Amino acid sequence: MTKVYERNPPAGPGVHVLAVGVGKYPHLIGGNGATTANPIGLGQLSSPPVSVKAVVDWFLGSLNGAATAFSNGATPLASVEALASAATPVSVNTPGGAIELEPATKDNVQAAFEAWLARVAADESSIGVFYFCGHGVVVADHYLLLEDFGKSNAVPWEKAFDMSNTMRAVERDVKGALYFFIDACREVSKDIALTLGANPSSLKVVDLKRPVLRSSSSLIEATGETKLAFAVEGKVSRFTDALLTAMSGYCGIKGPGSATWDVDGETLAGAVRKLLERANKSAKRRQVSDQTISGDSVPLLRLTKAPMVKVELDLTPEQMRALSKLYLLSAKGVRSDHVGANGAFVIDVPRGMYSVGATALGEQFDDLLYEDQDLIPPWYPFTMEVQQP
Amino acid sequence: MPIVFVHGVNNRDGADYQENELGRNEFLREVVAPALGLPPKDLLIESPYWGGDAAKFFWQMAVLPDDKDTYEKFGAGEDIETLGRTAELVASSAPIEGGIVTRARQDMAEAADLLYGAAVASAGTKDEANAIAKSYLAAVAYLEKKPDLSWLDKATDDNFADLLNYHVEKVAEEESMGGTGILDQLKEGLSRLINTVPDAGTELLNKFARKKLNETVTRFTGDAFTYLRERGEPGKEGRIVQKVMAGLKKGNDAKASAKSSSGKDDKLIVIAHSFGGEIMYDILTRFWPDLEVDCLITVGSQVGLFEEMKLYLASDANIPAHYPDGRVSKPGKVKRWLNVFDMNDVLSYRVTPVFDGAEDFAYDTGYSTLQAHGGYFLRPSFYVRLAKRLQQ
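Heads up: the sequence lines are chains Y and U, in that order.
Read left to right, the first sequence gives residues 4 to 392 (this note's numbering).
Read left to right, the second sequence gives residues 5 to 396 (this note's numbering).
These aren't lab readings, by the way, just hints derived from the structure by calculation.
Keep in mind it's a predicted model, so treat the numbers as computed, not measured.
Be a bit skeptical, because a hint or two may be false.
Said to hold, decoys possible - Using 20 Å as the maximum straight-line C-alpha spacing, the simulated PhoX-like pairs for lysine-lysine come out as follows: (1) Y:Lys238 x Y:Lys284; (2) U:Lys253 x U:Lys263; (3) U:Lys150 x U:Lys253; (4) U:Lys150 x U:Lys337; (5) Y:Lys178 x Y:Lys109; (6) U:Lys149 x U:Lys174; (7) Y:Lys257 x Y:Lys335; (8) U:Lys253 x Y:Lys154; (9) U:Lys268 x U:Lys254; (10) U:Lys138 x U:Lys174; (11) Y:Lys238 x U:Lys339; (12) Y:Lys287 x U:Lys130; (13) U:Lys149 x U:Lys254; (14) U:Lys174 x U:Lys158; (15) U:Lys174 x Y:Lys287; (16) U:Lys263 x Y:Lys287; (17) U:Lys149 x U:Lys392; (18) U:Lys45 x Y:Lys284; (19) U:Lys130 x Y:Lys193; (20) U:Lys130 x U:Lys45; (21) Y:Lys257 x Y:Lys193; (22) U:Lys45 x Y:Lys287; (23) U:Lys392 x U:Lys138; (24) U:Lys268 x U:Lys174.
As the list claims (entries may be wrong) - Among chain U residues calculated to face chain Y with C-beta under 10 Å, some are: (25) Pro43; (26) Glu173; (27) Lys174; (28) Met181; (29) Gly182; (30) Asp188; (31) Leu190; (32) Lys191.
Here a beta-carbon is modelled for each residue, glycine too, at the ideal position from N, C-alpha and C.
The whole structure should be built from the sequences, with the hints applied where relevant.
If you want it as structure tokens, here you go:
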């Protein structure tokens, strides 16, 4: 069984999640099965099982009492389908106890997808969330590889699916909002392009005669076309980490008269992009999210607390920072100080208008002050500069 | 830090020249620059082109025997230059008998050198060439760790590139949810190595190699005569000398600019291939004797031979006064001079018997070849060895 949670009673608007993480590929390099004739350079992954578990735990967190987790009073969590392929089984904590996830084989994913689609389509105010983490390649469309990819040397691509066309099919079945988070590479492979039959089918056929029904669609991908997506081995991937951080109170906009801070596709996409940019500062290889947002603004999250901003305040030249005090002063009068000798000033503060400045401990430089700084989530990096005489 | 690359004979502007430059620059950037203590992105590479002023053959070398033997012999279409470079790579190596996996089982480093060399031969962009250079460095690091290569037991020629690339990139501790970005180039290179280009030792490749050697010697002779006739004299420099000096000036200006902005001493490195060595020697002794060069690297050059024949403007027939005693001093403003020669390259010569203060460095693949002369910069391993020598 791939369903790890379903609201009781199930009917009514709600958020329905399908999450798939594939790290174990028995027929790719390093797998425990017969390696497929053309493994296209791909092998085992350790991050996707960790990443999918983090995503599922985050959604279920609201039910389990976690401090930062999914929150949407108007459209609560209604169901979670999850699958994970890993060297060791992946378990998630649900209100009913720990559940071991089913492997992400093509048959299992197909069944979970159909169940998920039926639930999302049942109510026009529901929201569908589709998350995938694992190997991906691009030829004409974005192809995602499932655990049993390459099981048959004759038709290795039978155990993959066409994500691009799957989205087109879903958009014709669902009237509500859709969020697709795809954490996979998008390298264009000439090797595959020159292989007839290396084009997997979508998880549902696309009936082009039918109109697109969905009210909004947000496709947020880990990387751009021809580019790669990365993860440190055994850790939550770079993209998934940015996504979960963004959703954990680091983005949101308060509409006129609204009681909540809402996170729609556009807000989330912007935050993910910024957080990846932040991660790129220390990463060996650069990764930039690709995003397509269309339709109405339908919030995936409605937060009751103001979103936070990761502030990274610095002063150059470095020897001057050591002789300074850095500070933030909010429009509400809340002040935060930091001794420059301790390094850059790193702090999380609620979004809002601030004055930012630095004062010299002696008289080494004239005080610096930047008023009316709009600290927008998720990240505010600023290096003040002392002008040398 | 600037590196000025002065090309040798047999270089004429075109896709072949440009793609060679593309691959060479990225290997210099990724492999050699760090050995000089320089971040790859900060390396300035200046490559003055003088081939347009070199010898012209008014009947297109029709005097050569068998003049219709060209790259088209390999049945290629638009990719003939790439195939040509791959063929040169194969020709400068031991025969790939029994396939690339068989070669890898005998000598993995050599197989990797061939694979990455063939891949960079078709690099179409700077980014592609750079990615291949970086991956090659990862391959060198992987092999230096003496890894378990038991995966070769089940490898085939069809999936060798997949497997090598996977194991090389896996040690990077960062995984990608897809490929590595260069597998297509590696597989295309491998395909040319094992399918399109015939094995070294075959009649066709030998014929091709002889043809290439014949052309190289002919063009070398032509370029040398043209240069000697038209090099000019200090103050009235010929066009070839002017062009090379313009490239040197850019490098020297960059060095001076770096020093004035950072206050730190920068270095000017000059790499001169083949006849580029003779041009550099004339410049450093007569045309621009005050130019300070931190390291002059002559590769596959005939600098020593030309001094034996006393063909430089600065040549002094009184040295040696009494053979074999006495050698010529290296150019006064050259701090270090490395001369690289290949035992198999019939056009490369030593310099230490003739010059004081230079170092000879043998780059010996140990394989028999008819035409190693153009092969130095096609082999990724050359840059690694050069970097190690520069660090000494």
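Comparing the hints with the structure gives:
For a cut-off of 20 Å, the pair hint linking Lys238 of chain Y to Lys284 of chain Y stands: about 18 Å separates their Cα positions. Distance hint between Lys253 of chain U and Lys263 of chain U is fulfilled; the C-alpha atoms sit about 15 Å from each other, no more than 20 Å. Annotation: proposed proximity of Lys150 of chain U to Lys253 of chain U is violated, straight-line Cα distance about 44 Å (limit 20 Å). A hinted pair counts as satisfied when its Cα atoms are at most 20 Å apart, and Lys150 of chain U with Lys337 of chain U does not qualify at roughly 42 Å.
Using a Cα cut-off of 20 Å, the hinted pair Lys178 of chain Y and Lys109 of chain Y is violated, with the two alpha carbons roughly 26 Å apart. At most 20 Å may separate the alpha-carbon atoms for a hinted pair to count; Lys149 of chain U and Lys174 of chain U meet this at roughly 13 Å. Annotation: proposed proximity of Lys257 of chain Y to Lys335 of chain Y holds, straight-line Cα distance about 18 Å (limit 20 Å). Note on Lys253 of chain U and Lys154 of chain Y: the hinted pairing is violated, with a Cα-Cα distance of about 61 Å set against a maximum of 20 Å.
At most 20 Å may separate the alpha-carbon atoms for a hinted pair to count; Lys268 of chain U and Lys254 of chain U meet this at roughly 18 Å. Simply put, Lys138 of chain U and Lys174 of chain U have alpha-carbon atoms about 14 Å apart, close enough for the 20 Å limit, and the pair holds. Between Lys238 of chain Y and Lys339 of chain U the CA atoms are separated by roughly 50 Å; this puts the pair beyond 20 Å, and the hint is violated. At roughly 19 Å between alpha-carbon atoms, Lys287 of chain Y and Lys130 of chain U fall within 20 Å of each other, so this suggested pair holds.
The straight-line distance between the Cα atoms of Lys149 of chain U and Lys254 of chain U is roughly 40 Å, outside the 20 Å bound, and the hint therefore fails. With a C-alpha separation of about 18 Å, the suggested pairing of Lys174 of chain U with Lys158 of chain U holds against the 20 Å cut-off. Restraint check: the Cα-Cα separation between Lys174 of chain U and Lys287 of chain Y comes to about 14 Å, which is no more than 20 Å; the hinted pair holds. In summary, the hint linking Lys263 of chain U to Lys287 of chain Y is not supported, as the alpha carbons are separated by about 29 Å, beyond the 20 Å threshold.
Using a Cα cut-off of 20 Å, the hinted pair Lys149 of chain U and Lys392 of chain U holds, with the two alpha carbons roughly 17 Å apart. Restraint check for Lys45 of chain U and Lys284 of chain Y: the C-alpha separation of about 16 Å stays at or below 20 Å, so the hint holds. Distance restraint check for Lys130 of chain U and Lys193 of chain Y: the Cα-Cα separation of roughly 19 Å lies within the 20 Å cut-off, and the hinted pair is therefore satisfied. Pair hint Lys130 of chain U plus Lys45 of chain U holds up; C-alpha atoms about 12 Å apart against a cutoff of 20 Å.
Straight-line distance between C-alpha atoms of Lys257 of chain Y and Lys193 of chain Y comes to about 46 Å, which puts the hinted pair past the 20 Å bound. Restraint check for Lys45 of chain U and Lys287 of chain Y: the C-alpha separation of about 14 Å stays at or below 20 Å, so the hint holds. Proposed proximity of Lys392 of chain U and Lys138 of chain U is supported: the alpha carbons are some 17 Å apart, at most 20 Å. At most 20 Å may separate the alpha-carbon atoms for a hinted pair to count; Lys268 of chain U and Lys174 of chain U exceed this at roughly 38 Å.
For Pro43 of chain U, the interface hint is violated, the least distance from its beta-carbon to any beta-carbon of chain Y being 14 Å, above 10 Å. Annotation: Glu173 of chain U was flagged as interfacial toward chain Y, and the flag holds, the nearest CB pair being 8 Å apart, inside 10 Å. The closest approach between the C-beta of Lys174 of chain U and any C-beta of chain Y is roughly 7 Å, which is under the 10 Å cut-off, so the hint is satisfied. A cut of 10 Å between beta carbons decides the hint on Met181 of chain U: the least distance to chain Y is about 5 Å, and the hint holds.
Hint status for Gly182 of chain U relative to chain Y: holds, with the closest Cβ pair at about 2 Å, below 10 Å. A cut of 10 Å between beta carbons decides the hint on Asp188 of chain U: the least distance to chain Y is about 5 Å, and the hint holds. Annotation: Leu190 of chain U was flagged as interfacial toward chain Y, and the flag holds, the nearest CB pair being 8 Å apart, inside 10 Å. Checking Lys191 of chain U against chain Y by beta carbon gives a least distance of about 6 Å; that is within 10 Å, so the hint holds.
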